Amino acid sequence: MLQISYRQLYRLALFLLLAPLCARAQFTDPTPAELSMTSLPQAPGAPAVYLFYEQMSDGDNFMTSVYVRLKVLTEKGKDYGNVELPYYWADSYMSVDSISGRTIHADGTIVPLKEKAYAKMVEKNVDGKVMEKIFSMPSVEVGSILEYRFKVHFGYTPAWRIQSQLYILKAHYNWRPHSGSTNAIEWVSRLPNGAELNHGEVPGAGLTASRKFFDLTVADIPPAPNEEYMPPLDSFTYRVLFYYHSATSKEEFWRTQGRVWSKDLDQYIGPHDGVKAATRQLVSPSDTEEAKLRKIYASVMGMENTDFTREHTTAEDRAAGLKKIKTTDDVLARKSGDRNELARLFVAMARAAGLKAYVMRVVNRDHNLFSASYVDFRQLDDDIAIVDIDGKERYFDPGQRLCDFGHLAWKHTRAGGIRQTEKDTQLAQTPGESYKSSNVKRIGDLQMDEHGEVTGKLDLSFTGDPALHWRQVALRGDDTSLNKALRESLEAMIPQGLEVRVTGVDGIAEYDNPLAVHYEVSGMAGSSTGRRLLMPADLFRAQARPTFSAKQRTLPVYFHYTSITQDAIRITFPSTMKIESLPAKEDILYKKIATYNVSADQTPTTYTVRRNMALGDILFQPADYPELLSFYNKLETKDQEPVVLVHADAGAGAKPGR
Amino acid sequence: MFPSLRTFCLIASTACLSAVPAFAKDSVPDWVRAAMTQPQPKFRAEDPAAVLLDETVLTVGSDGRATEHHRHVVKILRPAGRDEGVVAVPFDNDRKLLSLHIWSVGPDGHEYAMKDSEIAEFGLPGEGGQLYVDERYKVANPPGRDPGGIVAYEYEVRSRPYVNEETWFFQSELPGVKQSFTLQLPAGYTYRAVWAHHDKTEAVDLERQRWRWEMNDMPAIDLEDVPLHPSTVAIAGRMTVHYGPSGTDQLGTWQGVGQWYNDLSRARLAASPEIAAKAAELTQGKTDFFDKAEAIGEFAQKGIRYFVIERGIGGDQPHPAADIFRNRYGDCKDKATLLASMLSTVGIHATWVLVDTRRGAVDPSAPSTYGNHAIAAIEIPAGYNSPKLRSVVTAKSGKRYLIFDPTWEKTAFGQLEWNLQGGYGILVEAGASEVIALPVLKPESNTLYRTASFQLQPDGELKGSVVVKSFGDLSESSRDMYSRQTLKEQTDNRNRTLGHDLSTFTVSDVKVENVEALNKELTTSYTLDAEHFARSMGALLMVRPRVLGTDGIYVDRKPRSMPIDLKEAKLEKDEFSIELPPGYAVDELPDPVKLDLGFAAYESSTTLSGNKLHYTRTYTVREVTLPADRYADVQKLAATIDADEKNSAVFKKQ
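Chains as they are written, first to last, in UniProt numbering: chain A, 1 to 658; chain B, 1 to 654.
Next up, chain A with everything else stripped away, as it sits in the complex:
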C-alpha cells in the first residue's frame, strides 16, 4: 500500500497551490524600453546585459530554479544564446530539467525554444559522470531578448556569486533551507552599497512547518572588473556564500574546527617510529638547532615532490610494496610525496629532532585571499611549516621544492590561514619577504665591431622567487627544456635579432645559493642612422612594454612579490667610434617604496650603463595609482634613452656598413 507522509502531503498541496501561478508566470512581457534598447550607458560596448536574473532554491524539494532575461547588444552577445548546464550524475544524484525559453526580437516577434536540450557526456569514471544539458536559443539577433528557465535538482547550500561578465540590471536570489535542518546557517557576503540580505523565518501553520528564508534583490551590478595587476578575482567580487555549522560564532568555528584539524594532523605527523629513527640518523645531538633543521630540510628537499613529476598510481605503489599513506612514516618510506605530505614530514622530522614545529595551512595568494569571516576550511590550500629556532619562530616552505631555507614561495607570503600553536591553533598571517630576497642581477660584457654588431657574454643571477621559478621549471622538465625556456626568456628582453645561446647554468638545484645562468649573444643590437649608432642603454629593457596601459584604476595594484633588479652592461667599441651621448644619471623615487636609478660612465673605448629598480611593496590602493603610474611612466621613458655612438670620422660622412 502506498504510504504518504504529512511532509509529502504538504509538498503536494504546495505544488498544487503554486502550479497555476508558475504556469502564468512562465515568462515576462518585454517593455518597449527593453525591446528598443541598443546599448547600456553604464557599460559602453557591453555585449549583452542581464535584464533580470533569478535563482530560487528550495531545500525541501532539493531544487533550484533559474530564470534569465538577457538582452543581446552586440555580435559577441549572441554567444550567450548557447547555454551549457553542467551537472554531476551518479545514481540520479543531480539533474537538470524543465528547460523552456523563447527569443524575442526587437520588433516583438517571439520565437519559442523548440529544440530539445542535448544531454552531453563530459566526463565519466567509476565514481559517476559529469553531464551537460546544452541548448541553443533560436533565431538570436543583435537586439534579441533571450528568456529561459530551467530547474536543477540537487540539495546543496547555495553560493550566490552575483557579479558576472555582464552588467546586471536586476537580480533576485532566494533560498529556503531544508526545514529539517537543525544546524545554524551562516554566510559571508560582499554586497554593493544599498543591497541587504533579508532573512528570517516564516512561522508554520497547520501542517506547514516553519521555514527559514534568505532573500536578496540587487540592481545595477557592473561586470566583474578586469584590470592589470589586480588582486585575485575571488577576493573582491560581490557574493553571498552560505554554510551550515554548529558553532555559535566564527571565532568558535575556527577554534573548534582548528582543534579537530590540528589533532588529526598531529596523528598524521607524529613523529612516529620511522621518522624518529631516520631523524636520529640524520642529525647529531651536538648540532645547533639551525644545523639540525638545515639537514632535515635538505633531506626533504632531496625527495621526489610529485607536484613536479606526477602522482603515482595505486598500481605503482602496490608494485613497489608501498601501502596507503596514513602517517609521515609512510611518506618517509616512499621518499616521495606531494607538497603537503612533504611539508608535514618536515614538521615531523623537526619535532623528532627536538624542535618546536607546527603546520600552518594557508590560502594560496595566487588565486585568493583568506577570509576569516568565511568559516570554511576549503578555502585553505597548502601547508607550510613554522619552526622555533633558538626562541624565534621561522617560516619554511618544504612543499615548494627548492625554495630557499627559511623562506616562503611568494604565493605563501603575506597569506592568511590557520596555524598550530604549542597547545592550540590560531588564525595567522605569514610574513612578507624583503625586496632583497628576490634579487635579479643581469651583467653584460660585450664587444662591438666597426659594423655595430656585438658579441659577448650575459650573466644573469637569481635569488628568491625568480630563482625558485626557474628551479621549478627545471624540476618539471630537463636540461633541454630548461635551456630552451631560459633562452626564450632572454630573447624576449634583449633587442630582437641577437642570437642567444645558453652556455651554462649553475646552482639549479642548490636552493641556498644564487642561480646563475650564462649566455653568449651575437648580432645587431642597435640601429644605425647612417653616421651614428643608437644602442639601447639597458639591453635587458630593449623590448620592455609599458607596465600599465590604463589611465584610471578601480582596484588596487597587486604585484606578486617585492624584488630588486640590478643591471650593468659594459660595451667595448672600436677606436673608430666615439660616444656622442650617454643617458644622464637619474634617480626616481616612489614614496620610498619603489626606487629606480640609472647611470652611465665611459672610457675612450667602453661605456657602462647601470640600472637598479627596487619594488618594496606588493599592494597599492587605487588612490595611489596616479603617482605609481607616473613613477612607471618616468622610468620607462628613461629606459628608452639610447647611447649614441658616432664614427670618429663622422665629419667625413663615413657610414657603418653591414
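Source of the hints: derived by calculation from the structure; they are not laboratory data.
Keep in mind that a hint or two might mislead.
What the hints assert, rightly or not - From the derived model, a few chain A residues whose C-beta atoms are all more than 10 angstroms from chain B:
{"id": "1", "residue": "Phe27"}
{"id": "2", "residue": "Val66"}
{"id": "3", "residue": "Asp97"}
{"id": "4", "residue": "Gly108"}
{"id": "5", "residue": "Thr109"}
{"id": "6", "residue": "Thr217"}
{"id": "7", "residue": "Phe236"}
{"id": "8", "residue": "Gln640"}
Claimed, not checked - Covered stretches of chain A (in silico footprint by chain B; criterion: 3 or more residues with CB under 8 angstroms from a CB of chain B, positions within the stretch not fixed):
{"id": "9", "region": "37-47"}
{"id": "10", "region": "493-499"}
All values reported here derive from a predicted model rather than from experimental measurement.
The C-beta atom is built at its ideal place from N, Cα and C for all residues, glycine as well.
Put chain B on the given structure of chain A with help from the hints.
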C-alpha cells in the same frame, strides 16, 4: 590511429585518481616486448618520446563496413614526454569502440595492465564552439609514465558506415621506429592508395586480398622553433586508402570524393517556402548578380550563428537547410548549405567546397575527404565580370565560381580569408567534382594605410592626428575588436598595440567607421599625444620617423629546410609628417630603402620639407608560400624592415 592529446593530460590525471588498482596479470603482450627490444635509432635530445610501434590493420567486411585494429607502443624519453604517454582513443556514436587494452612498463621494468575501470571517458568541452558533438575519448593515465617508461595500447574500432576510405598518418611530432598499415579486403573488392606529402611506397602483397605498407625510422616533424613555418599537416606524410567493390566508379579520385559528398548532402539543399521568401526579401529590387549574391551571402555570414554540430553522420552531412534557417544557427557546412539553398531560389547555383584551414593540408595529388572546413562556390553567370569578384576559380568545365566562406564573419563578400588562399579544396559538383586551387588574392585586396600629421613640441612631446584605413584580412582583427569588445577592452587593446612603439601616450577622439560594412574600408581616426617621443641627447634631437606601426618579421639564422609560410598577401602604406619645433636643423636623415624580392617588396623614404619631416613606406607581400631556399631573401627582407623601423632622424639645436 590518432596522436596523443596533450590536452587530456590534466583531466586524465584527475580522472584516474579514483581508479581501481590493477595488479593482476600485469604482464605485457609479446608484441609489446618485441617493440621494446627492437634496435632503436638514436633519438634527438628534443624528442619527448618515440613511437616504437604503430600498427594498423583495416579489415573491410563483405558489407563494406571496415574495422580498424590498432597497436601502438610509445617510449617516454624526457619528462615532457609524459604527456605523450596519456592514452586518448576517440570514438563516437557511429564509430564504435569495440575494445581497448592498455599496458605500461615503468623505467624500473615493472609491467602493468590497466583495468577497464581505470579508463575514464571524456566528451569535448563546449568552450570553443564544440557544442553539439558526440565525439568522445577513452582516456587513461598509465602507471610508470616516466622517462624510460613504455606505454602500449591496442584497440579495435568500427569505421563509420558511410565512409569508404581510411587515412594512415605515418609522420608526426614524434619519431616513428616501426610503422605499418595492413589492408584486408573481402573478395570482389579493390583499393586505390594515394600519398600526400610523401613519395608513393609500394605495398607488400600478402595474398588473399591482403596488403601491407611499412614506414620505418620516420623522423619527427619539429616546428616548435621554426619561424614562418607551415602547419604540421601541410608537410606530414600520410596515405589514404580508398576501397570498394571492383569496378567502383572513380575510386580514389577527386571526382569520386566529390560524388560521395554530393550523394550524402545534396538533398539537404532543399529550400523551404520560408527560405525562398527570405531570399526574395533580401534580393528585392536587385538585378545584378553580385548584389543579389552578396545580400544572401552576408545573411548566411552574419545572420546564422556558428557553432559545431557534429553528431554521428552530422559530422559530415549538413543539416537540412530549412532547419538551419529556422534556428538561425549551424556549423560551417550548414552555413554553406543554407547559402546555396537560398541562392538556388533566386536562380543562382552554388555548391560546397571542402577545404582545410591549415594551408597545404589538402594535397592535390592525394584525393581524400581529409579536411576540417566547408565553404561555398557560387557559380558566376557566363560573361559576368565585376572588380568586386576577387576570389574566382575556373573549373575544368569552364564555369567560373566565386569562392566564399560564410563562416568567416569578417571577410567581405567577393574575397576569401587569408588561410585558405593558396590551398586546395574539393569542388562538389556530383560527377564534375574536382580539386581546385584556391586563389591568392592581389595585395590590393588586403590593405592597411596609416596616415598621420604631427607637431613635435620642444620637450619631445608629439601631438597629432592619426587615420588608419584597412580592408580585407588586415581589417579583420580591428573589425572584430570594434564589434565584439567593450569600450574598455578596445581601449586596452589599442593601448597595448601603441605600447609597442610609444611609452607614455594618450589617445582621444577615437572615431570608427564601417565596422560592419565589410566591402568598405574600416576607418579609425584618433588624436595621439605621446610624451617624450623625441629624445634630447645633449644638443641632439633624435626623432623616429616611423612613429607607429610594426611590420617586422621574426626570422632566425638557422639553416632552413622547411617551406616558408608568409601568411598573407598584403599591401601596407604609411605616410607620416612631423612638424619640427623651431630652432632645429637637420643633421642626419635615414637613407631611402628600396628592396624588391619578387615575392615581397619594401621601400621607404624620409625627407625634410621646410620644417616638416615626411616619412613614407610601402610594404607589399605578393606570395604566401616560398620554398626553403628563399629563406635568405626572407632574412634580408626582415633585416631591412627592422633597420628601417628603428631608424632615427637626427637634428641639432641651432
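Consistency of the hints with the structure:
no., hint, result
1, Phe27, "holds (19 angstroms)"
2, Val66, "holds (18 angstroms)"
3, Asp97, "holds (19 angstroms)"
4, Gly108, "holds (17 angstroms)"
5, Thr109, "holds (12 angstroms)"
6, Thr217, "holds (26 angstroms)"
7, Phe236, "holds (17 angstroms)"
8, Gln640, "violated (6 angstroms)"
9, 37-47, "holds (count 5)"
10, 493-499, "holds (count 3)"
Figure legend: structure checked against the earlier numbered hints; the only hint not met is number 8.
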